[in-house]
Each structure stands twice: as C-alpha cells, then as structure tokens.
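Enquirer: Protein sequences appear in the order of chains A and W. Here full-length UniProt numbering is used: the first residue of the first sequence is 1, the next is one more, and so on. Here full-length UniProt numbering is used: the first residue of the second sequence is 1, the next is one more, and so on.
Hint data in this document are derived by calculation from the structure and do not stem from the laboratory. Mixed in with the good hints, there may be bad ones.
[Claimed, not checked] Anything over 10 Å on all C-beta distances counts as not near chain W; from chain A, calculated:
1) Asn93
2) Glu175
3) Thr200
4) Gln298
5) Glu360
6) Lys365
7) Phe461
8) Ser480
9) Gly548
10) Ser555
11) Val565
12) Thr583
13) Val725
14) Glu726
[Claimed, not checked] Now the in silico label distances, taken between C-beta atoms and shown as ranges:
15) Gly790/W <-> Glu681/A: 51 to 59 Å
16) Arg191/A <-> Ser593/W: 31 to 39 Å
17) Gly790/W <-> Ser644/A: 24 to 32 Å
18) Arg191/A <-> Leu600/W: 54 to 62 Å
19) Pro179/W <-> Pro603/A: 20 to 28 Å
20) Ser644/A <-> Gln753/W: 35 to 43 Å
21) Pro603/A <-> His94/W: 31 to 39 Å
Where a beta carbon is used, it is the ideal one built from N, C-alpha and C, also for glycine.
Below, each chain spelled out in residue letters.
Protein chains: 2
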Amino acid sequence: GTKYGCGIGGCGACTVMISTYDPVAKQIQHRPANSCLLPICSLHGAAVTTVEGVGSIKTRIHPIQERLAKCHGSQCGFCTPGMVMSIYALLRNHAEPSMEQIISALDGNLCRCTGYRPIIDSYRSFAREPTCCQLRGTGQCCLDQEECVCSSSTGDQTHSGLCNPEFPPMDPTQEFIFPPELMRMAQEQLRTLIFHGKRTTWISPTSLNELLELKAKYPKAPLVVGNTSVELKKTHHDAYHPIILHPVRIPEMYVVSSTDDGLVIGAACCLAQLRDILMEAVPKLPEEKTKIYQALLQHLRTLAGEQIRSMASLGGHIVSRGSNWDLNPVLSVGKSVLNLASEDGKRQVLLNDQFLAGCEHADIKPKEVIVSVLIPYSMKDDFISAFRQAESQKNALSIVNSGMRVLFSPGTDIIADLSILYGGIGSTTLSARKSCEKLIGRQWNDQMLSEACKLVLEEIFLPSSAPGGRVEYRRTLLVSFLFRFYLEVLHGLHQMVRTVYAHQHTGSDNTLSQEKMSALVMLPSGVPQGVQIYQDVDSGQSPQDPVGRPIMHQSGIKHATGEAVYIDDIRPVDGELSLAVVTSIRAHAKIISIDASEALRVPGVVDVVTARDVPGENGKDEQAYAEEKVICVGQIICAVVAESVTQAKCGAEKVKIVYEDLEPILTIEDAIKHKSYITEERKIEKGDIEKGFESADEIIEGELHVGGQEHFYLETNSVLVIPRVEDKEMDVYVSTQHATDVQELVASALNLQSNKIMCHVKRVGGAFGGKITKPSLFAVIAAVAANKTGRPVRFVLERNMDMLITGGRHPFFGKYKVSERRNTKATTKLPWGVDVSGLATWSDTQG
Amino acid sequence: GTKYGCGIGGCGACTVMISTYDPVAKQIQHRPANSCLLPICSLHGAAVTTVEGVGSIKTRIHPIQERLAKCHGSQCGFCTPGMVMSIYALLRNHAEPSMEQIISALDGNLCRCTGYRPIIDSYRSFAREPTCCQLRGTGQCCLDQEECVCSSSTGDQTHSGLCNPEFPPMDPTQEFIFPPELMRMAQEQLRTLIFHGKRTTWISPTSLNELLELKAKYPKAPLVVGNTSVELKKTHHDAYHPIILHPVRIPEMYVVSSTDDGLVIGAACCLAQLRDILMEAVPKLPEEKTKIYQALLQHLRTLAGEQIRSMASLGGHIVSRGSNWDLNPVLSVGKSVLNLASEDGKRQVLLNDQFLAGCEHADIKPKEVIVSVLIPYSMKDDFISAFRQAESQKNALSIVNSGMRVLFSPGTDIIADLSILYGGIGSTTLSARKSCEKLIGRQWNDQMLSEACKLVLEEIFLPSSAPGGRVEYRRTLLVSFLFRFYLEVLHGLHQMVRTVYAHQHTGSDNTLSQEKMSALVMLPSGVPQGVQIYQDVDSGQSPQDPVGRPIMHQSGIKHATGEAVYIDDIRPVDGELSLAVVTSIRAHAKIISIDASEALRVPGVVDVVTARDVPGENGKDEQAYAEEKVICVGQIICAVVAESVTQAKCGAEKVKIVYEDLEPILTIEDAIKHKSYITEERKIEKGDIEKGFESADEIIEGELHVGGQEHFYLETNSVLVIPRVEDKEMDVYVSTQHATDVQELVASALNLQSNKIMCHVKRVGGAFGGKITKPSLFAVIAAVAANKTGRPVRFVLERNMDMLITGGRHPFFGKYKVSERRNTKATTKLPWGVDVSGLATWSDTQG
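The shape of chain A in the complex, shown without the other chains (with noise of 0.2 Å):
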C-alpha cells in the first residue's frame, strides 16, 4: 500500500509510522515518517506500521480510512495511503487531537485532485472540537434539524450528503499493540550495533563517550539521526559515506533542561520534539524572555511536513547549514550557542553568521559532535522576527527567509544591537553584519529603514546569473522582510510606549496608519473553510440511479486501504527486469557515438537497448528512442535492462555518449524564427476580418505568454510489460490516459498487429492531462527492451527522470487582435481567450 511518490520525504505518499519504545520515559513513541528516506539500520528495534497494518478489506477496515473513503477524500488514491498513515500516527499519540493538529499532522502529504477539503472535512470527526456536518458558516448545523436539508441561496434544495454520519467509532483496544519483543530488547542492556553493507558501515554507539571515539577514528563520518538531508545528498548527488554513525540511543543527546541562560535542547531531537517542548515553555516563561522561542515557533510550524519535522534533529538541521533551512538565522539572532564534545574535552561555540557559512575559525572541529544547543531567552528590550517566503505556505523550502533582531538601550529607540541574517541567498546563510554595525545609535524611525534598505541592498548582493534565479523577487523579498520588521518593531514599541512611558510622550506618534498595520496582518493560515454542498435528488427518483447523489469512489476503500493495485504494486513477475534510461545532457546535438561497452560489464546488466532494437516504428510524433540527434534535455536515448533497478541505474551511469553540439532552440520566440513547429499555426478568426479591421473604431491587439507547468500526478508514468510466451503477444500494464494510443504505438514499435498487445489500464494515480502521450513512449521503451530480451520490464520513472523527460504542460504564446465599431449595433467581440497552442513549438530545453 505504501506508495513511491518523490523519493524525496516531499510528498508524503510513503507514509509509515514508526515506533519505539523509549525504556527511561517507559514510552512508546509513534511517529510518521517518510519511508524513502528510512535506511532499514535505523529501524533496528523499531516496529514499522504500512497502512495494511491499520486496516484491510479482508480484515477490518479502520475508521480512519472508512471515513476517508466515504467522505470522498480519494480520488486518485494514489496519495490515499499517506494520508491514512499521517492521520493514524497522529491519533495513537493524541486520540483527541485539535483540528491544528490534524491539519499540521496532514502538513507534509500532497494531494493533487481532492483540493484538500474533503480530507480534511473526513477527519474532522476526530477533532476534540465539536464537529458537524458541513454546513458551518450558515448559521444552523443540520444536527439540530430534523432532515439536514437547507435552502441556498439559489432556493435549490441542497444538502451536504455527510451529515451525522454513520461511522463506526474509533476503538483504541483493536490497535496493534507494539511488540513486547522489542519492548523487552529496548530495556536489555545496550550494545553497539554495526551494519556491515556492501559500500557503507553503519555504526550506533550506547554512549556519547563510544560515539566521540567513533568520531575521532572516523571524523569524516556524518552523524544521521532522521536522514532527512543525508539521504538527499545520496539522491541527488551520489555521495556516499564509507561509515555512518547513527547517536539516536545516547542519552546526553536528547536532554532536555531549563537553565538561568535560557533552554538546552538535546542536538538529536527532533523538529517535532523542538517544536512541542517550546510550545510548552512559552505559556509558563515571562513573555519577554520567549520571543526567541516564538520567532522559532513561527517557523517550526511550516518548515517541511509532520513527517520530516518527526524524523529531522536539531543537530541536523544546525550543522547541513542549508541556505533555505529556516531555523538557523533565527537561532543565530538569538545567539545560541552549541555545546560541542570530543575526545580532548567539551567547549561551547557561538551559531552565528560565521558558524553557519562555515568559516574555520567559527566551526565545529572534525572529531566534535554537536551534543545539545543553548537558546538562550530574549531579554526585555528585544524585538525578534522570523520571516520565510515560500511556494506554499507549508511543506515547501522557503525562496528566501529571514532572522532579525534589535536590541534597544532601554528605555528609547536607539538601536544597541543590530542582526539580519538571511537565507536563500548565497550558498549559505549571509548576515548582514555591517549594514547592523553602521545602525548602531540610530532612532528607529523611517529615515533609519531607508537608510537600512540602502545598506542591506548593497551588502547582500544577489547578482543577477545568481544559481535559482527569481533574483529581482528575492532582492525584493530582502527589503520587504526588513520593512516588515520595521514595522512590528515600530508597532511594538509604540505599544511599549502606550503602556510604559504614557506619562512622557503625546499620543499622535504612538500607532501606526492603518496603510501600515495592513502589512502586518498574518495570512490565514488555520482550518480550510470550504464547505461542499449537494443538490438533493428528487424523491421520486429510483434508489437505484446514482444521478446527483454523492456517492463514494468505487475504489475509495481500496485507496484507503493500500489495496489498490497501481502499476508498481503488481506483484515481480518470474525472470522480470528493472528498466533505467540515459537521456540527453544536451538541448540539440547529434548523437555521435553511444558506448555501452562499460555498461554491460555491470554485475546484473543483461542489455542495452537502442533506436536500432525498434522492429518497427520508433514513436509517432516523438522518437522513443532518440535516433541520429537530441532535440531537448531529457529525450532518451538508451534503456539499460538489468536484475535490479539498481544495478540498471548504476548501468545507466555507465553509458557512455559522443555528442556533437548545434544550436539549440531554447524559447518559444526562438522556435518561430526558425519557423520551428509542432504543429500548424491555430488560428481562430471570427467576422470579415479585413473589412472589420478596415472600418475599425479601435483596435486591440497583443500578445499572451503562459508558462509551463508540472503536472505532479502523485504516480509518475510506470510501465510493466510481460512478454506472452506464444506469437509474440504482450501484455502492457500502464498508467495512461489513452490506452489505445500505447496499443498502437507498441504495436507499430514491435512490428505487430495491435491485436497481439493487451493494453491494461486498471487506474491512474493522476494524470491531470499528463498521461496522454507520454505513457505510450514509456510503453515503446520497456516494451523493445522486453521483446530484445524476452523478458518481462518494469519501468517505474523516479519522479526527477520523469519531470526531466516529460517536461509538463508546454509553455504557450499567443497573439490577439480585436475591432470594435462604436455608435452601431454590429459589433465584433473576440473571445479574448485565444487557444494559443498553436504556437507551442518544439523548443529544445523540453519537448
């Protein structure tokens, strides 16, 4: 049931819970987690729920996912699973959650059909706030009424179709108990554990002084508590550890204690763990001392998902320094200070802009280990913010994000103490040291912002090739957040001023303009608010006609479940092969030579296919297999067939290919000079268009640019084609929208009747108009493999091969021209809306 959805801990669709017993607290903990960033060492002693754990059909099905399903919260289906596991992980640590919780619990898992609502409308149920049918915000809930009907606006007879459901109720005692085996492990004594891998060691010591002699014999050993940005690091960019140390049993490492300085936080805890132990020392510290920890708090309810926040540690997230890593310029403003140990002793080290751009002077050493961070209280006369800007409001790495703080000499509004950190910038987090430095004895008033602005603007230069583009948004973004800043500061201390020092000042400078206070307005961040209603059906109609009425997804169950079968659930198929693909690192070259030689050496290789293994035709409008040339980054070029994905990947790599470069034609613009078309040129004329521009009034004329876009259906494009033993039949197992275009093209691609290819289309996890063509080239690809080899291909893309080689909804251009006659009844009005893809042209950096 557990679904591959990124690869990344990005879209939650691998969500399992994971338990531990922890023997000093005598507490099993669950926590969500995304499975494909989990190595399996960091379960040992853990137990690993799936969805098929929480319920099945052939069981019990659990009310989290009976709700799920007849609440119409699957369509797809595809995210259905995660969903379950996110909302399950969340209820066997908090059987009455807050509707905050749920919503946060769901913070890390997409969906791309349902909009959200109707998940969280099912799981409102659960919430420990009263909860009704959905007709809130119209003044009566249905539980009170007789018939849960209501008149809308419209005077039709509606009705949500979910009112007072039916639901069994949750029943705590049928949830698997956590195995007493591992209980009774977890209290035996400790000893340490070694993986011994083919490339990797992996190593979990019982105590820091164990982990400080690891570390001494391996320094360049990471420390991996969640693996949330390791395993990135190995994803993206192969690197690999010969040894890796894994410090989740040692005690010193999640201490959690209240000092006179401030808080010290254990360096493996957890975001999560973080996030709940400074949301319970808020209400009992003086509110002076917390707006550190209200700065952080801003920030560690939207950094990431539920998921990595339950898996990330503190430590983690400190020392991978990651420029768009949130917390750090805010615990850098707040002058935390890392308690550092290895072997020749402890000593305490400033996080700080110096720290985290990993100057050598402000890092921590080889040998140390980060073993608990200081965040000290804010003091009296400090304003501390956090700002991020992201592509969404949660579970999105922030563009640009921001730490600042202003100490004052008590009593005025003379700044004693200055910092702004940025991230999202540079490389690394970047301060804007002296900018903060020449402010220093300045009022805080307008002339010092424009003044700040100046400064910030010139120390932190973005220069306009920066890596991530967006540079003109993120150079705004720098001074809008100090702006912002600017005002809460001003706002807070006129408030201080309203309150303290009401005896010395008039009161015409102590708010601010509503212009300014609208600036400073939070964007609703709580419970969707959408309500769906349901036009209610005649009586008269028969019970058997589903016009009109809600009715469940006849899979919904089955989503719910796991027991959905997608094309990569499809149990191995005997002798199968896993397919990688080498595409294009070049926008427009010709292919000189494709060298598989290395390749095919590979332990588990069993061929290399090419344009040349086509029987028949190689694609219809799209070379499968690209022949002589590329034409855009990501065509493919050759398959590697191997025993396993791995070993295909790894053959893959091994591909050696010859280009020779030619122009590439990288815009839509560049693609009309050189008259290079998909297509003809659509047009859509509408009147006599010479006379009517002739004896025009007015003539409006323009052009209209739409960009492109990822589709991100949650399934990326899989294919399984089985070879039948007998006239070359096949059968093709395929997410698509157009099963009959992936007959065909397979067929034409095999040189075979269509008749001989059983195309099987069961459901699609998503598509979204994605899968129309594309899963037909896929087919063509694994299907030559499979007819070469005779063997049975799964070709499942990793969603970056599949972003990379699809390339989503084209970008469009198009062009309008309308005349208007005044003072006469016949007017022409063109549809502004032209349907411009006519000009969609091919455009080298993506088909």
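Take the given structure of chain A and dock chain W to it, following the hints.
Expert: Chain W alone, transformed into the frame defined by chain A:
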C-alpha cells in the same frame, strides 16, 4: 517445451536427446531418453538437447518440426515435442533412416489424438525408401502425374493435400554441434565423480577395480545405468538408496566380443545397442547358431520404446528380474552365462530359472557385479522361440511372456532337452522345469503336446486370486504359447525333413494343415498402410474460404517447437505454491479425524486445506473436498500447499486420516440394489410399448455391459490459480473442456459473483470427454487453497493421481427389450445401441 506425460517413461512426451562423446571410439553418441527417468547426476559430461534446441519460431524451424506440423501430425499438440525429439535423435544418428527405423524410433511415443498415421506420414519424407504422397496402394503415384488428383471409388474428386510438398530440405550443417568443452572433458584423464545430495550420494567410478571396491564397501548400493527400473521403484514405492553407483565409464562393462561359445556383451550396454549388435551379427553367422539371437531380436523390437531401449542396460534388465521383463526367459533357455566380478575375483553363473527366482545358491552376491553376459550360439538341433502378449504390440509390459527351447536328439524328433520359462505369471520368472523333465525322450507330436499342456498347467499354477487378475486369460496364454511353439517346431522339423531326410520319409506327414499354418502367421507390425484423402474443393471456392481444405492446426508449428504454452508451461508466478492432495484409501468410510500437525511441520509446507476452508459451495454434483465421509477410493480429502511440489507431496504423505469403514458399493449391480443412483434412470422408448409387447411375435431382450475406460489425455489435469490483490478476483488457468463450469464452481466455492473469476483456457492437451466436469473440482481445490493462503497455487496432477482420482469414463450397464411382429408392415425396431448411461451409478471404487 518438454512435457510431463506419465513420469514413468511410458509416453515419450518428455523425450530429450542425450549426446555423449566416446573418447575411445572417437564418436558422438546421440540417444533419445525419457527425461522423467533421468537423474541429473547421470548427465555429467552429456549435452542435453530439448525441443527448443531443435528449432523455434524465434530462430529457425527445423524440417522435422515443420513437416510434422504441416502434415497434420499434431492435434492437441502435447505429445508433439516428444515425437520431434525421437525423430531428431534418429536423424542425428542416421541421416537416411529406413521406414522400420522411423517406426521404431516412435515406439515409445504415445499419441492419443492422431492415430499415428499422420505423424508417420510426415516423417516418411526422411526415409531412404522412395516416398511420395499418401496415394500409395492406388497403383498410381501422384508424383508421376501432372496433377495430384485421382478418382476415388465413389467418383468424387479427391487428393491427398500433402503430395509433392515443397518442404525445405534437411541441412545437417545447421544442427547444433557437440560442445567442444565436453569433448575436451571426455578426453581428459578420468576422475571419480561424487555428487552428494540431501539423502543420496551418487558415485561414478572410473575403473572396474574402483567399482568393485565401492561395491564391497556399499553392498546394498544399486548399480544404475539408465535408471529405468530404479526410478520406477522410487516413484511408486518410495524406495530410496543412500548410495548409487553409476558404472558408465568402465570399458569392461561395454565389451562386445565374439568367442567360440557365443557373443559376450557388456552388462552396461543398452538394449538398443544389444539389438544393433545382434542385427549385425545374425547375417554374418551360420543360421543354426543364431536361433537364440533371432528370438531375442523378436523381443528387442517390441520391448518398451526406443527411449527406454536406449537407456536401459542389459545387466540392469537381467538383474532387476521383473516378472514381465521379456528377455530373461529367452536368455535363460539359451543358457546364457553371467560373468561376475568382485574384489574376491571373477566367476560365472548360469542365467537360469533359479537365478531369475533369486535363489540364493544361484544368485550374485552383494559384493558382485555383472560385468558381461555370454549369450551362447544355438545348436543345429535347437529350436528356440520367444513369445509375449501385451496390451499393445509395442511399448507395453507383457501380460505373459515366455522363452521356449527344445533340443532334439540328432536326426530325430525325440526331445533331448526342453526348457519352458514364463514371465508375468508369478512375482518372478517361472520355469516348467518338472514338466520339461518328464517330456524328455518323448516324440514331438500331438500326444506330447496334449501331455505337455496338462503338465504345464499343473506346474505353473495360477490361483484365481492371483495378483494382476485376468487369471483365465493368462492361463490360456500359457498353453497358447506352448501350442504355438509346438507348431513352430513341428513346422521346422518338417522343413528339415523335407530338405535333409527326404530320402527316408514319405510326403504325407511333411506339411502342416492350412489351419495349423494359420496359427503361425505373424501379426503385421510394419508401416501403417492407412491413407487419408481429402475431398477436392470447388475450383470456384474463394482462396480465403477454408471449408474443405486441409489446413494446418493453427498452433501446429508451436506444438512442434514446444512453444505452445499449456498450463504447466506458464511461467512461475511470484509467491506461487504447489499443491498436493491427500486422497481416500477407503471405498466407503466416515472420516473420523484429519491430523495435519505433522504435515505442517514439513519444511516449506504453508497450509493444509480441508472442506472447512471452503467459504461457499463445496462442489456441485460431487464434493470437491470430502466432508464427513468418503464414497470412493481416490476421493480428495484435503490439500497440502507448499513452496515446492516435493514439499507438498511430502506434506501430503504426513497427513493422518482416521476412517470408520462403511459397507462399500463396488459394482453397478450393487448400486442398483442399494438404489444408489447419480441421476434418474434413463429410458429410451419408441412406439406403443404395452401394445407392442402384447402383440409381439418375438421379444428380444438382454443386458449390455460396457467397461470403464481411462481417457488418458496426455496432459494431466492442471490448474494454476492466481488471486488478484483486489476484490478477491481470481485468474484460473485450467485445462478444461468446460470453462463456464470452472468459473461457476470456483465462484460458488468462494462465495463470489462469477464475474470475479476469470477462467482462461488457451488450449487443452487432450481431453476426449475426460475434462468436462473434473477440472472444475480441481480448480475449486486450488482456488480454495489460494483464497486461504492469498497466494497463487499450481496444481498439476501426476499421472497416477489423475488416473486414481478421475476414474475415467464410467462403466455402463443397460438392458434392452425389443418386440417384433412378423408378416406385417408395421414393425417396431428399437435401436440396439441404447444409451445406457442412465444406469451409471455411484459405485464406490471410482466416481
């Protein structure tokens, strides 16, 4: 492509070609072999060619395959790969074989569909005799005519459809060569080969001395050459040997030499070699010396099939002393001598009735091995004959066989010595030793015969309860053989008299009466003379219209290449289990208990399935799994599913059933008495019955008995059930004539709608009515097991289980009564062949 047909070397469906290199003779030997009998250890150094190696659609179809397919030599196609292999092995040894060799090569291949004629016709084109179309015997060969059309007796236009076929010629250069590495291996210095299995160690020594040492060390270890007899004991009696000696590399055991006394043949020579040696020797020797060899040849031509003859050794044939082994009585009357060897030295023993009965003083000792056999020349006054009666002329164990020899005092018809030995009567070969002694000195005349018959019947006593039944028939054969021997000898004596003693006697006695001579005529055993002719189609018939044309079976080529997929050829499915059944050993009994505990402990056994595991209907007219009682021997009681067939069978043997016997119903008459009917009595009536019989001049009435009959479809009942993951759907791949019945019974057994069950029938390897109702029950057996375990289940019956469980076509019993009135035009004539199946009953021996 190689097929399982019987598992005991009886049907030839599994024929492969074994090629070995003889480094002394510098010759490659190709031999056909039943792979079901071949221990893998015996193949060290051998090249095995299966039908895939002969030719395939993917590469090149071999002429043997093409001609067999195009000449309509395949129908169900299951025997076809074996047919191809038998002829292939022949052609590799004899590029231009005689028709006799071709017929003989196919002796060991059963076909249930074609009647053999089309198979032999297709291979006629390889024979060195002139061949043409199938119009032999019409006096005009179509090859001599312009058009291959002749007028049949009815005057219709007919033609063979096969004349002058344009087949591509054989091209021996295209055959696989013997692997050079094996040739090299054979030439290298020999070393002892030892294979250690789980239970058995297999040792192949390099010299006679080494063999004798091993035999001394392991006196109980059998010597295995072709494994044709040891394997059967293993299959049927679970006999097992911790040590097996394989003496195929010992030159002394392959000796062929001619001495003053006779021919000495190595004990490891196979029967086909013996045949070839004798056929070569006979024409070269004076006729009087060869009488024994001719008698042996008579049996060697009919004994078993070419595969068995090519594998079974002379020594093995002698020493295993099967009562219906044909050669022993003949070798014994020929006074053959066994050359034995042991560590203690060499000695000779007479192969006589005492040796054959295993009498201790006449037997070989545990440490001894038979090195070779001396078959002495016969003498001038010898008459030696060999007799066998079997269910078919070839490839069937004899019911009774015999060797007889008489030596006359020179120049007389006075018996000087007489030996008569019978096989197939008792558990060993029996000698009419006393009778023979009494007859010495008697003249060879009718009185002697009459006395001899009396004596033999007294001495060779066959009680009416003798194992094997058919006592009357066998007793008849005892004297029939004797009578025939009497006539043969008498005829021989007359011939001699006519030629040698013509001067002494008058002519009246010198010829046998025509009636007696008729008893000496041999049954025709040569080339079938059948002809198939095809009606010519109208010349106006569209070429696309197939009606009336002789069209090759659509799968003909695939049958012949082995590429046609039958149930058991379907690739293994991931997680697939094998199923073995436990059947009733009682004719009628209550099942008191089923104890599966020991079976479940067998490694690999996954589950034991009984009637209790059937969620729905347990069969329709018959129970699939027996419930409270069994009503016949062979009724399925439960099923064991395991990771492998061996494990499943092992588990099935460990299930303990406790029965409480009930009175059995064993015959149809019994069943009628107990009113134990399957269906209502069936009657066919015609005319006014009452009136008809009242006014009848004559009433004819009687009973009609038709015996039961095994269908012997070459493909045993086979089913593969693959549960789909969703909705309890199942794919059922089954060999059946009635797919709907399978679908309905499986659905009802699993309590599912029929549309959840996909029943796939691609082809059936023979059925003949035997796969109408039974396959549904086997499908239910497997489907219930698959449903319980959630895993795919394959259930392929072994031949003995298939015959035991299905019971074949029932015996029938019918009554008829016909009235007739004479001298009137209104006669009532009832069909004689009334359908009497109405009286088929539940008899307990078989369903």
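Enquirer: Beyond 10 Å from chain W, beta-carbon-wise, is Gly548/A?
Expert: Consistent with the label, Gly548/A stays out of reach of chain W, its closest Cβ about 26 Å off (over 10 Å).
Enquirer: Examine each Cβ of chain W, and state whether all of them lie more than 10 Å from the Cβ of Glu360/A.
Expert: 55 Å, holds
Enquirer: Does the no-contact call for Glu726/A survive, Cβ to all of chain W over 10 Å?
Expert: It is violated; Glu726/A is separated from chain W by about 6 Å at its closest Cβ, not greater than 10 Å.
Enquirer: That 54 to 62 Å hint for Arg191/A and Leu600/W (C-beta), does it hold up?
Expert: Once the Cβ atoms are compared, 36 Å apart, the range 54 to 62 Å for Leu600/W and Arg191/A is violated.
Enquirer: Could you check that no beta carbon of chain W comes within 10 Å of the beta carbon of Gln298/A?
Expert: 45 Å, holds
Enquirer: Using Cβ atoms and 10 Å as the threshold, tell me whether Thr200/A really stays out of contact range of chain W.
Expert: 29 Å, holds
Enquirer: Hey, is Val565/A genuinely clear of chain W, shortest beta carbon separation above 10 Å?
Expert: Non-interface label fails for Val565/A: nearest chain W Cβ at 5 Å, not farther than 10 Å.
Enquirer: Classify the label on Lys365/A as holds or violated, using whether its beta-carbon is more than 10 Å from each beta-carbon of chain W.
Expert: 51 Å, holds
Enquirer: Would you check whether the claim that Ser480/A is not at the interface survives, using Cβ distances to chain W and the 10 Å cut-off?
Expert: 52 Å, holds
Enquirer: Just to be sure I understand the hint, the distance between the Cβ atoms of Gly790/W and Glu681/A should be within 51 to 59 Å; is that true here?
Expert: For Gly790/W and Glu681/A the Cβ distance comes to about 57 Å; the hint holds.
Enquirer: Minimum C-beta separation from Phe461/A to chain W exceeding 10 Å: can you confirm that?
Expert: 58 Å, holds
Enquirer: Could you tell me whether the CB distance from Gly790/W to Ser644/A stays inside 24 to 32 Å?
Expert: Check passed, 25 Å falls within 24 to 32 Å.
Comparing the model with each numbered hint stated earlier shows that hints 10, 11, 13, 14, 16, 18, 21 do not hold.
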